[in-house]
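Protein chains: 2
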Amino acid sequence: MDVKTEPNVCDKWAETLRVYHNTSCELENELQSRHSLGLSEFEVLLELCGQCHGGDGKAKMKDLEARMYLSQSALSRTVTRLEKAGLVTRAACDNDRRANFLMLTPAGQERLDEARPTHKSVLIKHFA
Amino acid sequence: MDVKTEPNVCDKWAETLRVYHNTSCELENELQSRHSLGLSEFEVLLELCGQCHGGDGKAKMKDLEARMYLSQSALSRTVTRLEKAGLVTRAACDNDRRANFLMLTPAGQERLDEARPTHKSVLIKHFA
DNA sequence: TGAAGTTACATGCCCGTGCATTCAATGTCA
DNA sequence: TGACATTGAATGCACGGGCATGTAACTTCA
Chain X
1 MDVKTEPNVC DKWAETLRVY HNTSCELENE LQSRHSLGLS EFEVLLELCG
51 QCHGGDGKAK MKDLEARMYL SQSALSRTVT RLEKAGLVTR AACDNDRRAN
101 FLMLTPAGQE RLDEARPTHK SVLIKHFA
Chain D
1 MDVKTEPNVC DKWAETLRVY HNTSCELENE LQSRHSLGLS EFEVLLELCG
51 QCHGGDGKAK MKDLEARMYL SQSALSRTVT RLEKAGLVTR AACDNDRRAN
101 FLMLTPAGQE RLDEARPTHK SVLIKHFA
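Sequences listed follow chains X and D, in order. Quick note on full-length UniProt numbering: the first sequence kicks off at 1 and runs consecutively. Quick note on full-length UniProt numbering: the second sequence kicks off at 1 and runs consecutively.
Heads up, the list lumps identical chains together, so a pair's fine if it works in one copy or across two of them.
Each computed DSSO-like pair below joins lysine-lysine, with the alpha-carbon atoms no more than 30 Å apart: (1) K84 - K62; (2) K58 - K12; (3) K125 - K12; (4) K12 - K120; (5) K62 - K125; (6) K58 - K120.
Rather than coming from a laboratory, the hints here were simulated on the basis of the structure.
Let the sequences and hints guide you as you build the complete structure.
What follows is the structure, encoded as structure tokens:
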């Protein structure tokens, strides 16, 4: 707790807050207006597609939950919304009938592919 | 839009998301459980005290709004909560009777002083 | 095997937020 | 001065989130 570090933490937090707020608001607006996707919905699709985790378009709810900043209930409802929109399907797991497998539908994959450039361009705008 | 920068923006965003989420959750929890203050309530008190802006414990709503990441309506309600808790008072402004002056009450100053170390220690934990 | 604990998920409830609207107080301009 | 635009703030409304709970489906252990 060096005295010199103390004023810095406030500045760092302020900067994090600023970047987070600006970026997430713009992501939310762009994804919603152009692709009818909320940010967390997009993130579920992205995580489900799982390019970053070697996934194959399937995942268990618990695995998703562990990778995302969403509570179990919020994730459950987000998936429900995606399912109603036809972008995702829930399938029972054979081994454990409590667990849900989630799968990207073709429509889901398509929507994700459409939205990805929007997402990336916002990130580039704010981070490049 | 150098190709080499593109993968980096995702990582930067993921990192921002991680830090923001962890820090804000812990701030929220600690401030709430120890001082009965939500994070945005604390931030209003802090901004009102205005050490960082040369304030004197007073501010107009519009000025606060401009400095914070809250919509006008959210700020209005946050101030209402603080007022009900006796930590802040609204006073009409003489020059412009639409505008509100906000003032920290002694209780508000005291609560803020109590909460500040909690706030700072969380920030140090996450940023130092 | 059966009772008690644990896990995965859905759902009821409440809360904080943003958007759109409203209302009163100001400002502007002919 | 009077009509119209603008501004500061409060509020109705809907939505997404977290916490607590319910309920099935496992698991453990004697």
